[in-house]
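Visitor: Since chain S is already given, all that's left is putting chain C on it; use the hints.
Protein chains: 2
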Amino acid sequence: MEILCEIITIGDEILIGQIVDTNSAWMAQELNKIGIKVKQITSVTDDRIHILNSLKEAESRVDIVLITGGLGPTKDDITKKTLSEYFNKELVLNEDVLNCIKNLFSKFGREINAVQVGQAMVLKDCIVMINDNGTAPGLGIEKENKLFVSMPGVPYEMKALMEKSVIPLLKEKYKTPTIIHRTILTQGLGESYIAERIKDWENQLPTHIKLAYLPSVGGVRLRLSAIGKDKNLLSKELKIQEEKLFPLIENVVFGYDSQTLEKVVLDILKIQNKKLAVAESCTGGYISHLITKVSGASNYFNGAIISYTNQVKINSLGVDNTDIANFSEVSEIVAKQMANGVREKLNSDYAIATTGYAGPDGGTVENPVGSVWIAIASKEKVISRKFQLGDNRERVIERASLNALMMLRKFMLE
Amino acid sequence: MEILCEIITIGDEILIGQIVDTNSAWMAQELNKIGIKVKQITSVTDDRIHILNSLKEAESRVDIVLITGGLGPTKDDITKKTLSEYFNKELVLNEDVLNCIKNLFSKFGREINAVQVGQAMVLKDCIVMINDNGTAPGLGIEKENKLFVSMPGVPYEMKALMEKSVIPLLKEKYKTPTIIHRTILTQGLGESYIAERIKDWENQLPTHIKLAYLPSVGGVRLRLSAIGKDKNLLSKELKIQEEKLFPLIENVVFGYDSQTLEKVVLDILKIQNKKLAVAESCTGGYISHLITKVSGASNYFNGAIISYTNQVKINSLGVDNTDIANFSEVSEIVAKQMANGVREKLNSDYAIATTGYAGPDGGTVENPVGSVWIAIASKEKVISRKFQLGDNRERVIERASLNALMMLRKFMLE
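Keeping their order, the protein sequence lines are chains S and C.
Heads up, the first sequence is in the working numbering, so the first residue is 41 and it goes up one at a time.
Heads up, the second sequence is in the working numbering, so the first residue is 41 and it goes up one at a time.
Hints may contain errors.
[Said to hold, decoys possible] Below, simulated EDC-like cross-link-like pairs (lysine to aspartate or glutamate); rule was C-alpha separation at most 16 Å, straight line:
1) C:K333 with S:D401
2) S:K96 with S:E151
3) C:K333 with S:D240
4) C:K303 with S:E438
5) S:K284 with S:D240
In short, the hints are calculated from the structure, not lab data.
Excised from the complex, chain S in its bound form (with noise of 0.2 Å):
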């Protein structure tokens, strides 16, 4: 039997369009690992009665209920005030929440007042999932077969209630079939250039094994599913047909679920107990920002210059002023003296080096918007390369960023 599952978002700013509900589409892909499906997501307004409603219909469609949204302290959220008419429970203090708020508020060197307690008030008798990164608790009501769970909105809340609390909770609660996933993650092709590449593999695909692509800037994730009763026997069908894709999309290849591709990066200089350091024109502190995102970091991460004036290429890089001249900071000989100088200034076993035009001015005929060299550099050489990257300024900033730590990934392995 399936198990349907219907996401509330409760909040005028994603009515009025002033956010894009990005929490529903990650709520869906959790949901979907582990076998549950989502029937409907529904957008409502802080609105008593219309939240009321929501519920009801929503009851009476799914058996699982997520709502995020409207647990501000603030008056306009009446998400708890609502829920506890609908399922007719009062609101009670519990002390574990009110203790976790004023751990959380001690961190910054504040004192609570009345409203952070009004925070810790709960539905009597519900399940209280405490929230390590704000002040509104997961509340999970059961009621006679079906469960709502109300989460905060904020995203880095939600998200981390969700996977200590919420999928817990339901994988113990509901007999899901079993669902197994491998992802693998590719940098540097285009979604259609991959499914072009594979297309006989995956008409090949038995019905129980299913592929998703999911698309990032610059790269794309390739998701299979297994589904069915063993988990072992699963494990090894994937596998199976794992192998059969490696070879078909190896050069683009560079890890595998969760991972990121600053993480394998760090991931390698930790073996090879080798140090990193960056030298960033175009990519402006992304790559640097990228790396040091990653806890530990500092251990094999020893730091970057941000050269965004030739002159700073010139004095804190080492970069040869005739060569700006005669061949422009965006070119070839520039980016290998910056990796040079900068793994040399910064003492360093390897470099990565970025010149480009992020546009959307600059550029020249030759190298127009979107024109990026990239140079990765150790002790023993320097390679480099040109890259064409579209004409959207965050956009060039992030593949440039994400095709030179794909280079350096290749470089350290060879």
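Guide: Coordinates of chain C only, in the frame set by chain S:
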């Protein structure tokens, strides 16, 4: 009387989380501008019964139902057939649509086949809206006093149809109220603290002016919406309310409407014709990334030194190694030396420096994870402040970066 609208998106790809529904936010914004309120957004599966039920529910709730998706030529797209059933109107061939499809195909040198002829079938007596970008036309159906419009889900096809046909039709059919918005952007104070500060002001707001709190990382956007008839009068009323609000939160306001903090900072640099440099330790490049995401940043941003090791702080920024030994790298004196150092090295007017423990590891008893020193320097002086920013690595990085930009903004305006 308020005109209410519901958006129904039809198609499995949203419900399995394969794509994020960006259409609805865009449509909601456009509807808002002409004073139509989106009451609900509903995403349903490609399932006949489910679509019929959602149409019935929407009809009971709102005046206008805008439907997107499920109009492709393949057999899983059943929107048109289901609308035909719902309204009890047969499908008939529309010659205008057929000619448009023929024209579209002739541009690619192709003939149309039976599948495309099917795209020219429309509900009898409906309002046909020609789609210049695809084969599925928009269809408007009036039922009693309500209006239903079906559009394709491909974003650029939907947007073109909305702009060319749907919005003009709605404006003509409904006498809509005027709604104007003003958003005040703040940084550095949580939602509950702001709510506490402005509660008396909030309570005195007239009923036709609404306040919404829209939280973001480390900041809150306060959106005022005024509804009525006379645009000029509403503008004046909003201005009066804004002037009453401003003194209450002056120290945390950095801008208005669609501005960003990094853009505001760049605008001040532009007005003053000054150059900025950044020295980042714990923020790892994120401040530089925020600034260089803005097009035109290269005119006012010289660059940055990401000093992720003490060696780089000493060698590239001129930080005193005995001060690091005596006070540790997370200290006021080091932050100030970093700011002064990068300002001089990169020949800039202003500089930002950050040093702290982003976590999850590291930190000391005195300076636990989340402790961040930020310094701002000009030629004349250097200021600094210590922050306590929680224990989530990504949040610490983001909050430290935004606090640094906020400090720089105030410093430059003094």
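Visitor: Decide, hint by hint, whether the structure agrees.
Guide: Here is how each hint holds up against the structure:
{"no.": "1", "hint": "C:K333 with S:D401", "result": "holds, 13 Å"}
{"no.": "2", "hint": "S:K96 with S:E151", "result": "violated, 39 Å"}
{"no.": "3", "hint": "C:K333 with S:D240", "result": "violated, 41 Å"}
{"no.": "4", "hint": "C:K303 with S:E438", "result": "violated, 19 Å"}
{"no.": "5", "hint": "S:K284 with S:D240", "result": "holds, 11 Å"}
Checked against the numbered hints above, the structure breaks hints 2, 3 and 4 and satisfies the rest.
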